[in-house]
Amino acid sequence: MREFLASIHYGAWVLPALLLIPLAGALIIVLQSAFSRDDSSLAAAPSARWIALITFLLEFAVSLGMWWAFDPGTVAWQFRVTHWWIPAWGASFDVGVDGISLFMVLLTTFLMPLSVLGGWTSVREKVRSYYALLLILTTGMIGVFLALDLLFFYVMWEVMLIPMYFIIGIWGGERRIYASIKFFIYTFLGSLLMLVAILYLWLHSVDTVTLSNSFSYDTIMQHAAFTSRAALWLFGAFFLAFAVKVPMFPFHTWLPDAHTEAPTAGSVILAGIMLKMGTYGFLRFALPLFPGAALTPWVRDTILTLAVIGIIYGALVAMVQPDFKRLVAYSSVSHLGFVMLGIYALTLQSVQGALMVMINHGISTGALFLLIGMIYERKHTRLIDAYGGIARVVPMFAVVLTLVSLSSIGLPGTNGFVGEFLVLVGSFKTHPWFTLFATSGVIFAACYLLWAIQRILFNKLDKPENALLRDLNARELVIVAVVTVAILWIGIYPAPVLRRMERSAQNFVQVVTSSPGARLASAPETGGSR
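So the sequence shown is numbered by this note's numbering: it starts at 3 and just counts up by one.
Please keep in mind that the hints were generated in silico from the structure rather than gathered at the bench. Here a beta-carbon is modelled for each residue, glycine too, at the ideal position from N, C-alpha and C. Any given hint might turn out to be false.
To be verified - Under the rule of at most 27 Å between Cα atoms (straight-line distance), these lysine-lysine pairs were calculated in the DSS-like manner:
1) K462 to K381
2) K381 to K128
3) K184 to K128
4) K381 to K465
Said to hold, decoys possible - What follows is a list of derived Cβ distance ranges for each label pair:
5) Q456 to R501: 30 to 40 Å
6) W52 to V484: 12 to 22 Å
7) E379 to V484: 18 to 28 Å
8) Q456 to I88: 55 to 65 Å
9) R126 to P299: 46 to 56 Å
10) F190 to V401: 36 to 46 Å
11) L463 to P74: 44 to 54 Å
Let the sequences and hints guide you as you build the complete structure.
Structure, rendered in structure tokens:
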């Protein structure tokens with residue numbers, strides 16, 4: 003397979019193609035709308051759905067080649083493509099992947115067709131606009147994971163914000179306006195601070211070849227110079243942008259509303275992909291660019307404390323939620339706390355575990371939102387008490403919901419166990435007390451999810467209307483079959499995934515820990531020359 007991919011020069015075009023394919027699909031839908039202005043009725047739905055689904059399947063097929071073409075033995079950027087974008091500013095179209103971003107891209111292309119299939123019949127108004135926004139959103143998300151130019155990264159960060167705002171605000175639930183505005187304000191304010199920090203880095207980073215300021219990630223890593231005080235402020239700006247997106251406690255309050263009010267596909271994308279952009283930001287930018295500031299004892303201890311609070315708080319609040327979708331939303335706060343713990347423990351096992359939790363949370367929690375959407379279309383309520391004993395009526399749904407819930411808890415043999423186990427083992431080496439407190443989150447996760455599925459599936463069937471519920475149809479069985487394979491494959495045989503991310507995770511740990519003050523200049527703060 004690697005020889006075939008080399009023969010078609012796969013590495014030279016795959017990353018630009020991943021950015022352009024969704025835009026091409028969106029353009030086709032927009033052109034279709036130009037010839038048929040009826041976007042509000044179901045007449046527009048079939049073609050728009052199929053265009054989106056085929057586009058996302060093509061996107062996934064193209065991205066899948068990276069699994070075989072990727073060289074796990076190097077930490078260099080792979081499939082890299084660089085072209086000048088705005089030469090006068092030192093900005094370029096610079097994209098590439100390593101063992102960290104590779105899996106974020108594959109996770110995105112894996113979940114997007116499932117999101118379309120999961121919401122196949124739920125969107126009934128402005129369907130062309132909906133699917134066009136989903137496609138544009140995909141370009142923004144993949145661009146975030148590929149960007150090696152900080153200005154291009156910021157543009158992609160904002161590109162994916164706007165479509166999600168409209169997806170929640172137009173096709174969401176009863177409180178969609180409130181949820182979408184809250185989501186936008188939180189994310190946008192954080193990203194504005196990050197933009198200020200990016201501009202500061204640009205002023206203090208000079209390309210040795212062109213002798214001009216540069217937004218290049220590599221140039222900033224090698225040549226940016228600033229004082230320790232400036233590093234703390236810059237890290238703080240990046241921290242706020244990424245902490246809101248994770249979301250870390252106490253920046254999480256937008257998340258339950260956005261998840262609950264978003265349509266099925268929106269919830270899957272938020273949980274499965276967009277939350278990972280925050281943790282990816284810490285791995286790619288915040289810690290490598292400012293290791294001295296990030297490892298300042300009070301900064302490190304504060305972030306670890308917030309991570310552990312998020313683990314416990316998210317689990318406890320999830321336990322008392324009457325709405326199943328809101329319960330899963332709060333569980334994300336808990337799971338992403340494990341990611342932050344693993345990142346900041348700075349051991350190879352903990353960082354690999356954090357990456358695995360990011361992947362597995364995307365699969366398992368995305369699957370939970372898909373299943374909630376399926377049962378909501380039948381029952382039109384997400385209240386846990388409205389069900390009870392439906393395993394007798396919808397046995398296939400019950401089997402899959404139980405399996406996905408167990409994977410989210412971290413049952414051995416499922417994907418969820420691998421990541422959480424590595425995080426806890428790796429973190430115990432450097433931060434045993436934080437790890438001991440975090441372990442309670444695993445117990446609480448079992449409490450809130452097992453109790454929820456007991457009340458939904460295995461209690462007495464005491465509501466006659468529930469006896470008429472339909473089990474999963476063929477389309478839904480395809481979705482759950484794909485998810486089940488992913489859950490069991492990673493849970494039983496995670497070695498191929500771990501092997502591809504190992505060198506990049508090891509390099510991350512070395513970069514952050516080997517010379518914490520490498521980019522802290524003793525000279526006074528001055529701007530770089532143009």
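Hints and how they fare:
Proximity of K462 to K381 is assessed by CA-CA distance (about 17 Å); at most 27 Å being required, the pair is judged to hold. Using a Cα cut-off of 27 Å, the hinted pair K381 and K128 holds, with the two alpha carbons roughly 24 Å apart. The hinted pair formed by K184 and K128 meets the criterion: a straight-line CA distance of about 23 Å does not exceed 27 Å. This hinted pair checks out: K381 and K465 have alpha carbons roughly 12 Å apart, not beyond 27 Å.
The supplied range of 30 to 40 Å is met by Q456 and R501, whose beta-carbon atoms lie about 38 Å from each other. At roughly 18 Å, the beta carbons of W52 and V484 sit within the given window of 12 to 22 Å. E379 and V484 have their C-beta atoms about 19 Å apart, which keeps the hinted 18 to 28 Å range intact. For Q456 paired with I88, a C-beta distance near 57 Å keeps the hint of 55 to 65 Å intact.
For the pair R126 and P299, the supplied restraint of 46 to 56 Å holds, since their beta-carbon distance comes to about 55 Å. In this structure, F190 and V401 meet the distance hint of 36 to 46 Å, their C-beta atoms being roughly 42 Å apart. For L463 and P74, the Cβ-Cβ distance of about 50 Å falls inside the hinted range of 44 to 54 Å, so the restraint holds.
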